[in-house]
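Trainee: Same order as they appear, the protein sequences are chains V and X.
Read in numbering that gives the first Met the number 0, the first sequence has 149 at position 150, and its numbers run on one by one without any break.
Read in numbering that gives the first Met the number 0, the second sequence has 170 at position 171, and its numbers run on one by one without any break.
Simulated from the structure, these hints should not be mistaken for lab results.
These figures come from a predicted structure and were not determined experimentally.
All residues carry an ideal CB built from backbone N, CA and C; glycine is no exception.
Keep in mind that the hints are not guaranteed to be accurate.
[Unchecked claim] If we take Cβ atoms under 8 Å as the criterion, some of the chain X residues that face chain V in the derived model are:
id	residue
1	Ser118
2	Leu148
3	Ser155
4	Gly239
[Claimed, not checked] Using 25 Å as the maximum straight-line C-alpha spacing, the simulated DMTMM-like pairs for lysine to aspartate or glutamate come out as follows:
id	chain 1	residue 1	chain 2	residue 2
5	X	Lys96	X	Glu221
6	X	Lys208	X	Glu221
7	X	Lys145	V	Asp80
8	X	Lys244	X	Glu5
9	X	Lys145	V	Glu163
10	X	Lys145	V	Glu79
11	X	Lys75	X	Glu5
12	X	Lys127	V	Glu79
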Amino acid sequence: MGHVLREAVAAPYRDLVTRPTGAAVRTRIEAALADSNCLTALLDFSEIELVDLSCADEVVAKLLLTGGTAYFVVLQGLREDHREAIDHVLTHHGLAISAVPPGCRAPRLLGWVRADAREAFACISESGPLDVTGLARALGWPESRSREALGDLTLHRLVRPVGEFYYPLQTT
Amino acid sequence: MTKVIEVPTHFDDRSFDAFAAGFGEWPPAEKVLIDARGTQWASPYGLIGILTAGQALAEAKREKPLLTVPTSDEVKRYWARAGFFRHAAELFELHGKVPRSGPTGPSDVLLDVTPVRASEDVHGVVHKISEGASRILHGELGLEMKATLRFSMALSEACQNIVEHAGTSGWVAVQAYTFRRRLGRRVVVIAVSDAGVGFRRSLESTHAKRFGERWGDGAALEAALIQGVSRFRDPGRGQGLAFIKRFLDQWEGKISIRSGTARLSIVPPWDEDIPLSDHLPSFPGAQVQIIIPAQDPKSR
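Could you put the whole structure together from the sequences, leaning on the hints where they help?
Mentor: Right, here's the structure in full:
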């Protein structure tokens, strides 16, 4: 993200601030994804100093709102204030994203999903791929509840469905 | 005829209305002289308010106004150190001896009076503030380290409101000082002002209808600050002020916005301001003030 930002603003700033900057950064990310065969985009914020709400909205929320994209998005290298800004804008939109905290492998959710979907996300992130029956067994839920939670996660592009199984998003 | 407008002796958000009243109808027909000779102190809000008046007169194609500088050497030196005269010289015919800017280095002026014309300026403001903000907010005011970044975020969002909504340029200044009369503690104050269309006109086409006869400067401020609405239909808009409000609540901070003839404040327990003041003397654009006080030593 630091590299994309420097290219977008043609200046050595490390702050993701203002809507025009956010829009320019998002456009570059979308162009890179369009040219790539990768299924999952990992956006690394570790070189970024400040993320304001306008930029979080333009980059992260609008990237998720872009319809018809085939890719998944995971964030990494976020500091607490980055997480706070991104969580705020995604919650406002009713969106969610997977973010890997520094020094961890298991991702966390930022933004808004229903409580069951959040629990299912944590379970799959820890256990690896599960199907409806496996998740229901792991959480002591009826299958209908498990199916609904997995449906929510699929809708939010927070798990990757392959056949009967739901995979956590790749984070490395 | 020249209309003389006296700058209050103690010029801040409270005495601003007396300054605004001096102009009468906007834009005033007569030539304007802003008389600051007797001014003993001005907050960042006051300083950029004077520049906003000068800018509004220039944009209304009025004759270049006059500005008599403060008599007090100490006051003049502070105004010079805050970068006021550098910009005032472009908007006013200055009368009185203006000192050169003082030496740079650690100072209570976290951000000189800075013009905000485009989003590139917001990048510059955020970049410039980062080091000094940490020294003051964490070192002096006792706020947690992460407060510095929230503070920069608030500053960024407040400045962007000019670029996104005012329809013209504006000004920002940030300073730390001791709030003796109201609080008895150190504070950091962000002041942002523009000479643009104001909240009412900015929101009118999209929001006036649902307010009906209540629509006016006060209702527009309520819509923006309390309800988080924006003139844009994009649902991601209007979150900046909501976020600022949220973090100010944690730190017992205060935000007040004046636009047109109204001023709306989120009033913390230490202040006795009126939440909504209406029917004030008209003034162009919008003026925002954010105050973050030193944390109570008992709670640190």
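Trainee: Confirm or reject each hint.
Mentor: Hint check results:
About 4 Å separates the beta-carbon of serine 118/X from the nearest beta-carbon of chain V, less than 8 Å, and the hint is met. For leucine 148/X, the interface hint holds, the least distance from its beta-carbon to any beta-carbon of chain V being 4 Å, beneath 8 Å. With a cut of 8 Å, the hint placing serine 155/X at the interface with chain V holds, because the nearest CB-to-CB distance is about 4 Å. Checking glycine 239/X against chain V: minimum C-beta separation of about 6 Å stays under 8 Å; hint holds.
Between the alpha carbons of lysine 96/X and glutamate 221/X the distance comes to roughly 43 Å, so the proposed pair goes past 25 Å and is violated. Between the alpha carbons of lysine 208/X and glutamate 221/X the distance comes to roughly 15 Å, so the proposed pair stays at or under 25 Å and holds. With a CA separation close to 7 Å, the supplied pair lysine 145/X and aspartate 80/V stays within the 25 Å bound. Only pairs whose Cα atoms come within 25 Å are accepted, and lysine 244/X paired with glutamate 5/X is rejected, the gap being roughly 33 Å.
Distance restraint check for lysine 145/X and glutamate 163/V: the Cα-Cα separation of roughly 44 Å exceeds the 25 Å cut-off, and the hinted pair is therefore not satisfied. Distance restraint check for lysine 145/X and glutamate 79/V: the Cα-Cα separation of roughly 8 Å lies within the 25 Å cut-off, and the hinted pair is therefore satisfied. Proximity of lysine 75/X to glutamate 5/X is assessed by CA-CA distance (about 16 Å); at most 25 Å being required, the pair is judged to hold. Of the supplied pair hints, the one linking lysine 127/X and glutamate 79/V holds, its CA atoms being roughly 22 Å apart against a limit of 25 Å.
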